[in-house]
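Counting along the sequence shown from 1, when you hit position 213 you're at 216 in this note's numbering, and nothing is skipped either side.
Honestly, I wouldn't trust all of these hints.
[Unchecked claim] Below, in silico cross-link-like pairs of lysine-lysine (BS3-like), each with a Cα-Cα straight-line distance of 30 Å or less:
#, residue 1, residue 2
1, Lys99, Lys150
2, Lys189, Lys140
3, Lys102, Lys137
4, Lys54, Lys39
5, Lys54, Lys93
If you are wondering where the hints come from, they were derived from the structure by calculation, not from laboratory data.
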Amino acid sequence: MTEKIHSNKNNLQVLYEDNHIIIVNKRAGDIVQGDKTGDKPLSDVVKAYIKDKYNKPGNVYLGVVHRLDRPTTGIVMFSKTSKALPRLNKLFSEKKANKTYWAIVKQAPEVLQGTLINWLKKNPKNNKSTAYNKDIKDTKKAILHYKTLKALDNYTLLEIELETGRHHQIRVQLASIGSPIKGDLKYGFDRSNKDASISLHARRLQFTHPVSHEPIDVTAPLPDDSIWNACE
4 MTEKIHSNKN
14 NLQVLYEDNH
24 IIIVNKRAGD
34 IVQGDKTGDK
44 PLSDVVKAYI
54 KDKYNKPGNV
64 YLGVVHRLDR
74 PTTGIVMFSK
84 TSKALPRLNK
94 LFSEKKANKT
104 YWAIVKQAPE
114 VLQGTLINWL
124 KKNPKNNKST
134 AYNKDIKDTK
144 KAILHYKTLK
154 ALDNYTLLEI
164 ELETGRHHQI
174 RVQLASIGSP
184 IKGDLKYGFD
194 RSNKDASISL
204 HARRLQFTHP
214 VSHEPIDVTA
224 PLPDDSIWNA
234 CE
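Could you build the full structure based on these sequences and the hints that come with them?
This is the structure:
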């Protein structure tokens, strides 16, 4: 198994930073916020980075705006000020932040480009969601748009735009059409990736800055492995 490289304050991949916002490229295996594992979350790593970089005394303020699943890589944004956090939360809740994901799948979708609409039900016991084709009790509607970007030797690269943000949405919806994400054992891929990642990457984030009102457009470099390298 390939050794996992977790983020720390010295190797943090900062994609964008100003007085109010910091955006980083999350590695596979990093957790965004603390959980029952007790592993050091990315939020603490970013705080340590800010404290060190700016020689800040005392506690560093950092607000978590959104999350990525642990085995997923790519863009995560944090708020550096209490002024920006509610405005960033509003951006995401009102779907004014445009997020683009890239996913590598073994089985290409039958239709090269399309929209998937399902109703997802989360099971907290096994931390897994199930996709249904109709609205049943305790489900939430999930909509995503995908297009095929590139046919690789043994895989296919898809680009995904989310219309809703549900638990494991991209993972379960792609699996529901027979195209589970590479390395995603939980949703039906046949073997894991060497570093325990899944080949799902939060590639691009576009939004209007909540304080300066400038347009921000950030792209996260792809993980460094042979298959992702073939996607460039």
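Here's how the hints hold up against the structure:
Proposed proximity of Lys99 and Lys150 is supported: the alpha carbons are some 21 Å apart, at most 30 Å. Simply put, Lys189 and Lys140 have alpha-carbon atoms about 23 Å apart, close enough for the 30 Å limit, and the pair holds. Under the criterion of a C-alpha separation no larger than 30 Å, the hint pairing Lys102 with Lys137 is consistent with the structure, at around 26 Å. Restraint check: the Cα-Cα separation between Lys54 and Lys39 comes to about 25 Å, which is no more than 30 Å; the hinted pair holds.
Taken as a hint, the Lys54 and Lys93 pair is honoured in the structure, with Cα atoms around 27 Å apart against an allowance of 30 Å.
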